[in-house]
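Just remember that our numbering sits 20 ahead of the position in the sequence shown, which is counted from 1.
In case anyone wonders, no lab produced these hints; they're calculated from the structure.
All of these numbers come straight from a predicted model, not from anything done at the bench.
One thing to keep in mind: the hints can contain errors.
Stated by the list, open to error - Restraint-style ranges between C-beta atoms, simulated for each label pair:
# : residue 1 : residue 2 : range
1 : A370      : K263      : 25 to 31 Å
2 : P188      : E235      : 21 to 27 Å
3 : V272      : A441      : 41 to 47 Å
Heads up, the beta-carbon is just placed ideally off N, CA and C, and yes, glycines get one too.
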Amino acid sequence: MFRTGDKDHFLDPFSALRPCPIKEAYFQRQEASYDEHETTFTQSLIRGGEKGSYSVPHNVLLSALPGNIYLHKLDQEIGRIIQKNEIPILHRRHAFQTKDESQMASKFPIAGIRGPIPLHANIEKRELTITRPDDWHLHLRDGDLLEAVVSHSARQFGRAIVMPNLRPPVTTTSAAVAYRKSIVKALPTNSDFTPLMTLYLTDATSPDEIKLARESGIIFAVKMYPAGATTNSQDGVTDLFGKCLPVLEEMVKQNMPLLVHGEVTDHEVDVFDREKIYIDTVLKPLIQKFPQLKVVMEHVTTMDAVRFVESCNEGQAIMAAVTSGSKRFFLGTDSAPHERRRKESSCGCAGIYNAPVALSLYAKVFEEAGALDKLEAFTSFNGPDFYGLPRNTSRTTLTKSSWKVPKSYPYESGDLIPMFAGETLEWLPYSA
21 MFRTGDKDHF LDPFSALRPC PIKEAYFQRQ EASYDEHETT FTQSLIRGGE KGSYSVPHNV
81 LLSALPGNIY LHKLDQEIGR IIQKNEIPIL HRRHAFQTKD ESQMASKFPI AGIRGPIPLH
141 ANIEKRELTI TRPDDWHLHL RDGDLLEAVV SHSARQFGRA IVMPNLRPPV TTTSAAVAYR
201 KSIVKALPTN SDFTPLMTLY LTDATSPDEI KLARESGIIF AVKMYPAGAT TNSQDGVTDL
261 FGKCLPVLEE MVKQNMPLLV HGEVTDHEVD VFDREKIYID TVLKPLIQKF PQLKVVMEHV
321 TTMDAVRFVE SCNEGQAIMA AVTSGSKRFF LGTDSAPHER RRKESSCGCA GIYNAPVALS
381 LYAKVFEEAG ALDKLEAFTS FNGPDFYGLP RNTSRTTLTK SSWKVPKSYP YESGDLIPMF
441 AGETLEWLPY SA
């Protein structure tokens with residue numbers, strides 16, 4: 021028990037490191053006490069008071085054109101948000117017990133926290149239960165890296181659109197079937213996670229392949245990478261409006277969405293202008309030529325793209341639009357793991373590994389916007405509705421409870437460094 025200002029608090033191990041206010045009556049009755057290691061408790065276990073600023077990606081949001089184009093964003097850090105002043109957070113090290121009752125154990129599957137539940141306590145705990153979310157843009161890789169990362173996504177999401185940029189890329193339905201088997205094999209025991217496969221579009225892709233993809237029942241989109249634009253894109257498209265034209269026409273017939281990596285690869289164009297030039301020279305003509313084609317423009321990085329979206333609608337800021345509850349926006353993490361030595365180098369690979377923290381960050385952004393009631397539509401409804409799939413029936417609970425992100429995730433070939441490594445986040449997700 022401790023005091024901040026004129027309020028008494030006790031340490032609540034069940035809420036995963038977060039103290040809760042208690043009634044004065046409990047203090048007067050002296051029913052609660054710390055164990056014999058109280059001196060350890062007083063040593064640097066309290067952090068907080070007035071907290072400083074920290075980086076947080078506010079672009080865990082999507083923006084969209086009316087009816088047919090969705091913009092994903094999570095993998096870049098833009099801006100800083102000042103944390104709200106709160107009571108100090110305690111890092112639980114020791115048991116809390118009552119004098120009259122035996123201790124009870126609890127378990128947090130994701131954070132791996134075990135601890136006793138204090139009895140006779142007026143625990144004030146914030147929880148948010150939503151339909152289980154899906155991830156509509158995910159990189160799972162293959163081999164031992166696949167085995168290392170798939171559980172992090174499977175734990176939080178019911179389904180995910182899996183990117184096809186492997187070596188070699190997933191260019192055929194048969195390759196997608198084989199890749200899906202590898203993913204399912206790597207899943208934790210009893211996992212009900214469903215991978216939704218995609219095809220990698222090339223200049224040689226045929227309309228018949230699109231028909232096979234649709235008939236397979238496991239392929240839900242086609243990904244378009246401009247050749248040389250990003251990781252494993254060397255086999256990407258060089259002639260979208262020429263060689264790929266018959267394929268685009270077949271995609272409209274099959275109601276197959278096109279997922280777009282939106283940047284030009286001309287070395288004469290400044291890297292910060294590549295998205296703008298792509299919008300002007302590729303995206304606008306594409307929408308005009310195929311108004312019925314479902315298009316997802318992913319990982320938007322510039323205001324040019326936002327203005328392009330705004331010009332097709334009433335014009336809202338990304339955060340205001342996404343947290344408004346509009347059906348045009350849905351979740352896509354673009355979680356993209358790379359081994360540490362490939363990421364932390366003079367020419368590091370693009371992409372951030374955010375799967376372990378994605379739901380925590382989404383919840384924080386919606387909370388900051390005062391729109392937690394809109395989170396479920398964004399994470400769980402709008403994506404499956406766009407793809408014509410049923411919504412999940414299982415549930416996910418997010419508890420307002422601090423947990424610390426691991427500094428790394430070792431695997432056979434090296435280490436993965438997650439987004440917000442070693443930092444404390446405020447929302448703890450648990451899927452029932």
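Of the hints given before, which are not true for this structure?
none
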